[in-house]
Each structure stands twice: as structure tokens, then as C-alpha cells.
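Undergrad: Going down the list, the sequences are from chains C and E.
Positions 584 to 971 (my numbering) are the ones given, in order, by the first sequence.
Positions 584 to 971 (my numbering) are the ones given, in order, by the second sequence.
Just so you know, these hints were derived from the structure itself, not from any lab.
Only a predicted model underlies this, so the values are computations on that prediction, with no experimental measurement involved.
It is possible that part of the hints are untrue.
[As the list claims (entries may be wrong)] Calculated lysine to aspartate or glutamate pairs in the DMTMM-like style (CA-CA distance at most 25 Å, straight line):
(1) LYS596(E) / GLU626(C)
(2) LYS850(C) / ASP690(E)
(3) LYS850(C) / GLU896(E)
(4) LYS854(E) / GLU626(C)
(5) LYS854(C) / ASP628(E)
(6) LYS812(E) / GLU599(E)
(7) LYS615(C) / GLU719(E)
(8) LYS603(E) / GLU626(C)
(9) LYS615(E) / GLU719(C)
2 protein chains.
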Amino acid sequence: MRDVTVIGVGLTKFGELWDKSFRQLIAEAGAKAILDSGIEGKEIDAMYVGSMSSGRFVGQEHVGALVADASGFSNTHIPSTRIESACASGGLAIRQGYLSIASGMNDIVVVGGMEKMNDVVGASATETLATAADQEWEAFFGATFPGLYAMIATKHMHDYGTTKEQLAQVAVKNHANGALNPYAQYQREITLEQVMNATTVAYPLGLLDCSPVTDGAASIILCTTDKAKDYINKPVKIIGSGQASDSLALHARREICTLDSTVYASKMAYKQANLTPKDIDLAEVHDCFTIAEICAIEDLGFVKKGEGGKAIENKITTRDGPLPVNTSGGLKSKGHPVGATGVAQIIEIVLQLQGRAEKRQVKDAKIGLAHNVGGSGASCTVHILEAM
Amino acid sequence: MRDVTVIGVGLTKFGELWDKSFRQLIAEAGAKAILDSGIEGKEIDAMYVGSMSSGRFVGQEHVGALVADASGFSNTHIPSTRIESACASGGLAIRQGYLSIASGMNDIVVVGGMEKMNDVVGASATETLATAADQEWEAFFGATFPGLYAMIATKHMHDYGTTKEQLAQVAVKNHANGALNPYAQYQREITLEQVMNATTVAYPLGLLDCSPVTDGAASIILCTTDKAKDYINKPVKIIGSGQASDSLALHARREICTLDSTVYASKMAYKQANLTPKDIDLAEVHDCFTIAEICAIEDLGFVKKGEGGKAIENKITTRDGPLPVNTSGGLKSKGHPVGATGVAQIIEIVLQLQGRAEKRQVKDAKIGLAHNVGGSGASCTVHILEAM
């Protein structure tokens, strides 16, 4: 397999973007990434794009072709492929772009991710998001993701003594980071009291334990490593790529507080990178709900099972802690345009490893990890990156 | 790049399958393919699945995870990835499975395709299919695929003298083939008079010029070529894989009677296989409408531009002609469960090259081609296969 490297990144503002269309968003993110890398359009061999439910959100499938078209590449006729894996669509798109270069088929690939969620008609965004759950066993009976993650949270509290305060501290931390991110949907800090007293959505999760409904797009340029330094001085190499699946329905899992897809995907990535969790300097993890970040840092091996809540309380994962997690603001504060999220996570890691994260910059980070989850954990990708 | 080979195939009956659910269909096709190959479940490294609009047809996204789950592989946590490219979703899924083996990441991969179209609620199947057209420039204004292909047909008749009779002869030929296919939706011959006198859908296309709304699933097992003969005696090697894109909207094309995505994807595949169109012994092409088969045989280089209608009239592409096309019955007679179609095309080529096509068997076929189109031609894959 050939080595693969990130040589450019581009992001739109995340938020309620009423004045921009679906195609405008991805064209903007793609153009920014191309400019960032210094490649010329004619050098692009293929495109990959992650989008969860554009067919339901904006009435548009065939998104691979749309992206090539909207970006001005319809005349070059390059292959363009859409990947869907619920909220992990972006992470999976990166992995497919990665494999297409590793195979030797392509040298330079654009990977994008996007979702325009606020324009949804005929159903609520929550109802469309529930198509990522098991239609026959969960969604049909009215289950939505706040409810599914609330069950995980309740069980975690019961089994490990995790508290509602610890959940709230995840939101407080991530908003403190997001306040420094000019692309974030919510660029403001929140207090523990605000999170604790917010309207309950599904106990124990309140409104401020939940990531928002977001429009946005993200794009990166992947390049075979032997050519990367022809374009930029500090490329960031993908040294591990893992992907795993699990049962779609929560009730069919071995154990609901452990996301086995995270465990398996991270093992695959650690093995390829020849690293252990202790070698990771910072991570972007999938905090669609506050409990999800607690499970993630456990399942990725950063702390022991059941100790995630304490790790948050002990500020292990703050921006100046030993293992900064979600310096971008995470899904909670940066926003969660589902198909874009996995790509945006990689962008934060790249910016941090290149020393370009401005007010959010952490010190001496050499190796970063990005963790992207679909649904309640039926799919997951983990990527490990290292500055060259 | 490592060589990749097909070692097993599995297909459900195509048709109105009211008694089978979405997950039952893919599990059935996958199980048949696994049994056909003789592999054990634990040998599978990854799954890929093509589905166009499961979110709208059956309210289920996150289809990669669903497929692994429904097939009984949730405990193995293998990566499973859904690809969407409208009616070319199956062809693109095969290409991604192919690249994942070519890269060295995987040795054995299951590729599936499926669509359950008859269960659609809240919109017609035609309306959901129109999400493969350009939402902002075509679908919003009421354009559907019969209308878009009718414009291509009208222009083809104007420019090249193609007749409504020649269009009708495509349907007659494909039904003659489908009548011999036990998996086909319509296992009956039709006459030229029936096609000519059928209700007009969008002039010049009548009801019998259009492929139907279909439920069905298809699956193949891909394996690195150096291990293929460990499993079966007559594996079929993928010697060329091409993919291309074009503008989503028809009006933005250079020329609407030529599908440039077909031209570019086939050039890529011919180049990799080191072959020309003359070397192809039989082909499955994307006849979503009768005009589409005429354009396809031209754009694939089998006949000159404008001579597709005459080639049909002169019976060049019948089952006992010099270049049999759509021996399976094609989308017209076999049925067109959009996500499954690209995979089902490969299955027909494999069965023919292995001498397993029973009553449809053509003589002395060594090299076959499968051509899968998304929408009105904004995406396309071409695969060339050879018996080992």
C-alpha cells in the first residue's frame, strides 16, 4: 500500500446558513482546500464526498456527480463518489479516498463532506436523522437519537457512577474551545449551571448536552506521500486508518456503554500506525451528545472503561490538559452538519499539527487522532495523523 | 495495484416483492454469493453496498451497517460501506470494493446492491428517482427521467434518423432475453406492435420503452486474484475498471445524445485492459429506456455515433448476433432495482463467461463488459471481465 498525506484543507462557516445552497457550500469548501494545497484543478484524479441524507434533507441524491459539477469539474469527467454512513459519512469518505490512492489508482484526491439540515421539508431534522437508526426495530417505534443516547447515559451512570455534572462538563469544555473557533456555530462559552438547568430532552440529556442541527461543508486534499512536499512544506501523513461496524439497533449490542465499532476501528488504526493510545497528543472525538465523548475516550483506550466521567472532571481533556479533546469545539459547539463532521475533525487535527490553529493551538502536538461515529455506533472510523 | 477477481455471485428474484423486506433481500443475495464462492464468513474483510435512495424509499439510511448486521456479521465488526450514485450505485460499489483489494487493505470483499422501490410512501417512485436529476435546475421544475430521456431520444431521431421502431426493437430484443431469465421481473416476450402501441409516457417513449419499478438485490464476492483458484475452478478476472462523471443537468452538457461519462469511463477501462471495443464478446448496458441502449452501444465504441438504431434493426446485438447485448433481459425486462442494477449486470457477465447462463448462454464468450449509468449520464462505471 502507498502512503497517503493531507496537503490542503477547507471549511465553510458552520451554522444556520439560510443564504447558501447545498451546492454552494461544497463548492466553497472544495475551492478553499484546493487553494490551501496549491494544486491545480487538472491534477485532481478523483473526488469522494460524504453526505448522510441529502435525498431527504434537500431532495438531492447523486451527490458525487453534483459535487464535481458544482466545483467546476464536469468537463474533466473525473470519477466522483458519494459515501453514506450516517454521521460517519465523512470519515468513511476519507477512508475510501485514502484507499484509492493507496491502491495506486489515484495520486491526488479531493475528499469532501457536507450536509444542509436546516432546509429540511416534510419532516423534522430529528426524524430524518432517525433514518440512521434501525428503521424496523427502533425508528418505527418512535426512537430518536437523543433517546438512544439517553439510554446509554443512564446505563453509564448506573454502572460507573457517572454524574449529570460530569456530562455537563463535556459541554462546558467544548464550548470554551468553540468560542475560539471562527468557523464554529456557537462561538460562546456556557456555564455548568446553564447546562444543568437546560430543558430536558431525554433524561439525563438536556438541550445543552446535544449537538445542534447545522449546515456546513468541509474538504481536504489527499496526495500520495512521495509527492506531498512538492506542494506544501508541512504535509500531515495518515499513519493509521480503521473502520468497523456493529449492529444497527442498540438492543442487539453486547453491551450498550461500549461502542465496539470504536474499539475495533481504533485497534485497526493503532496497529497500522504501530502506536498505542498513550502516543496520541490530541484527539477530535464524536461528541454528538456529551455522553458520547465520555464513551469515546474510554473506547479509544485513553482511560479505563467507566473512568471517562472522572477524566472530564479532572480536566484531563481540556485544551491545556495532558490530552486535549475536541479543541475545535467538537460537534457540540462547532456544530454537526452530519456528512461534513468526519472531514472537519481531520481538518482540526491537521491545523493543530501544522501549528495553524491560532487561538486554539495546543503545544508540541505531533500525533493526532480523529474519531467519527455513525448513529448510535453501528459504524465508526478512526484516523491517526502525524506531521511530516 | 493487485489484480481482483469475482469468485461468487448471488441474486434475488427481481420484481414486486411485497413479502420481503429491504434487509431480507440483501441478506438473501449475500448468502447466495457466499455459498456460490465457498468462502467462510470469517474470511470476509469488508463489505460494500450500492443503494440509491433507501432513505426515501424505505426510511433507512446507514445501509452499510444494516447490511453487515442483516447478513449476520455485526459480531465480526467488519467495515461496511454504502455507496450512492443514483442508478450507478452498484457499479460504483464494485469499483470501491475493487480498489480496496487492489490497495492491499483487503483480500476478500462482499459487494452488494439493492433497492426496495415498491414500498415508497409519501411520494411516487418517479419523484424519488428524480432526486438523481439536478434538484435546482431540473427536478424542481417538474422534470422526471422519462422526460429527460425523451429529449435525448427526440434529438437522436432528429440528428441521425433513428426511428421509433428501432427504439421499440430494443425492448423486443431484451424481453426475448428476459423471457429466458428465471430472475427477471418480466419473463415474457413482447411484440413490436405492443411496444409501438403502448401508452405514451413522454414522446417518443411509450410505456414499454421504459424500465419498471423493481425490488431486488444482487451480490458478488471479490477476491485477490492470486487466491481466487483456492475457491473456485473458473474465477472471472476484472481486467478493466473505469468511472467518470458529467454535469448533473442535461442542458449543461456538450451534446445530449452522447453520454460523455460513458465515453470517458469506457476509455479508462479499455486502456487498463489493453483492449478495444472490437475485443468485447458480450455486454450488459444500461437500458433504463430504449434510447439509452442505443446511445450506450455508440458511446462504448461498438458502433459509430448515430448508427445505434441501425445496429439494433440489423440484429447485431441479439443473443445469437455478433455482439450480444443485455442477454439478461437488461433493465427493461429483468427489472431495475436501481442500487442493485450495476451488480446484477456483472453477475450476468460472470455467468456467461463461466458457461452458467443456461437457456441464455452465448457461445465462446471470453471477454464481457458491464456498463452502469447514473441519472441521465452524470455518472458511469464500465467494467471489463475475462474468464481465467
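Undergrad: Could you run down the list of hints and mark each one as holding or not?
TA: Verification of the hints:
1. LYS596(E) / GLU626(C): violated (44 Å)
2. LYS850(C) / ASP690(E): holds (19 Å)
3. LYS850(C) / GLU896(E): With Cα atoms ~59 Å apart, LYS850(C) and GLU896(E) exceed 25 Å; violated.
4. LYS854(E) / GLU626(C): Between LYS854(E) and GLU626(C) the Cα gap is close to 19 Å, so the pair holds against 25 Å.
5. LYS854(C) / ASP628(E): Holds - the C-alpha atoms of ASP628(E) and LYS854(C) are around 16 Å apart, at most 25 Å.
6. LYS812(E) / GLU599(E): Violated - the C-alpha atoms of GLU599(E) and LYS812(E) are around 37 Å apart, more than 25 Å.
7. LYS615(C) / GLU719(E): holds (24 Å)
8. LYS603(E) / GLU626(C): violated (46 Å)
9. LYS615(E) / GLU719(C): Measuring from Cα to Cα gives roughly 24 Å; hence the hint holds.
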